[in-house]
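Same order as they appear, the protein sequences are chains A and B. Note that our numbering numbers the first sequence so that position 75 is 75, with each residue one more than the last. Note that our numbering numbers the second sequence so that position 81 is 81, with each residue one more than the last.
In case anyone wonders, no lab produced these hints; they're calculated from the structure. The beta-carbon is built from N, C-alpha and C at its ideal position, and this holds for glycine as well.
Partial chain A-side listing against chain B, Cβ under 8 Å, derived:
{"no.": "1", "residue": "34"}
{"no.": "2", "residue": "43"}
{"no.": "3", "residue": "44"}
{"no.": "4", "residue": "46"}
{"no.": "5", "residue": "49"}
{"no.": "6", "residue": "91"}
{"no.": "7", "residue": "93"}
{"no.": "8", "residue": "105"}
{"no.": "9", "residue": "106"}
{"no.": "10", "residue": "107"}
{"no.": "11", "residue": "108"}
{"no.": "12", "residue": "109"}
{"no.": "13", "residue": "110"}
{"no.": "14", "residue": "113"}
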Amino acid sequence: GAVVSQHPSWVICKSGTSVKIECRSLDFQATTMFWYRQFPKQSLMLMATSNEGSKATYEQGVEKDKFLINHASLTLSTLTVTSAHPEDSSFYICSASRSVANTGELFFGEGSRLTVL
Amino acid sequence: LAKTTQPISMDSYEGQEVNITCSHNNIATNDYITWYQQFPSQGPRFIIQGYKTKVTNEVASLFIPADRKSSTLSLPRVSLSDTAVYYCLVGAGSSNTGKLIFGQGTTLQVKP
Numbered sequence: 001g002a003v004v005s006q007h008p009s010w011v012i013c014k015s016g017t018s019v020k021i022e023c024r025s026l027d028f029q030a031t032t033m034f035w036y037r038q039f040p041k042q043s044l045m046l047m048a049t050s051n052e053g054s055k056a057t058y059e060q061g062v063e064k065d066k067f068l069i070n071h072a073s074l075t076l077s078t079l080t081v082t083s084a085h086p087e088d089s090s091f092y093i094c095s096a097s098r099s100v101a102n103t104g105e106l107f108f109g110e111g112s113r114l115t116v117l
Numbered sequence: 001l002a003k004t005t006q007p008i009s010m011d012s013y014e015g016q017e018v019n020i021t022c023s024h025n026n027i028a029t030n031d032y033i034t035w036y037q038q039f040p041s042q043g044p045r046f047i048i049q050g051y052k053t054k055v056t057n058e059v060a061s062l063f064i065p066a067d068r069k070s071s072t073l074s075l076p077r078v079s080l081s082d083t084a085v086y087y088c089l090v091g092a093g094s095s096n097t098g099k100l101i102f103g104q105g106t107t108l109q110v111k112p
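One chain only, chain B, in its complex shape (with noise of 0.2 Å):
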């Protein structure tokens, strides 16, 4: 399963946009990126998913680069409760069970 290598942490303040990176250099060809949100005391919350290119809902971009070996995620216009931990996920695709690893996850913390 590949590796995922994120910041540590990261500030913003409300209104602006928020990019998170996610190294995975070591991505398989059948391999999807998953970004995942968790607050204290409750489970990760599915936020995108994407393979190549880029993937856009109604909460977030994903980003990815033609080699894939990094995603960035896109929060626009933060507010005080996206303060979270956001994990990137790289593996699953159809050979496997789905199995994931998290790795440490990106504590944002969104100020007034």
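In isolation and in its complexed conformation, chain A is listed as follows (with noise of 0.2 Å):
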């Protein structure tokens, strides 16, 4: 199948300090990344879908500011928590779909977990 790899997998930061996180299609192009984020126990909510070449389309509720999301190359998208806070700390996923047809079927990253201290 294919993969999908982010880096870092875990990430420990100071409150106030910026923290990127990268999103990749090893063996595919995906023109459109998702980001979610998972707290403990509870399902994933997605935050934003990053598309090639353009801005980055936010949910509701979520800070574009705060946020950033860069979607430069067709493997590659990064997201950035900016002036992380300890509320900040969660589970960030990324997906991405190469199926022409928009199935629905997404390809998903390992999972990147940031806990802001």
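Once you've looked at the hints, go ahead and assemble the two chains, each given alone in its own frame, into the complex.
Next up, the structure:
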């Protein structure tokens, strides 16, 4: 199956600093990637849709200035959590679709666990 | 996007067949039904996808009735390693970008 890789898999940072998480599609090109966050024992919450070469589309309630998304190439999208605070601590997961027909088959990264002290 | 409803949790024993049903009454004509499996601290993993009738692969079967308002994921002879959260998702289709919204999922606990 298609491979989507995230880096780092876990990160600990101090409050007020910014953290960048990378999402790469290793063996296919993805014009669209999605970013989710997941709190313990909860489902995944869609944060934004990342479109190659254009601005990301954010879900309602997600601060676009807080969570900066860049999709500069067909294989890489980045999520930057700016001025992180303890409440931003979460599991961040990206996904990408390689299906031309857009059937909804998504391939997910391994996730990145962010802990803000 | 169609909303999905699944049982919050299910228990089973090793070797049994497990059927998880998902309701999606507002499914659109071009929507596909996709099931994912998630282990703790990992990203979801694709299990199976279908549009109508029955789909089978090496790990599961997916049954979809004619009205497509529900679907059932069938896991044959589960093992302890099948303990996970299972999500039913409906959406995408050729007319949009593939955006999928996760529901609460079903936590399956397989006991020895």
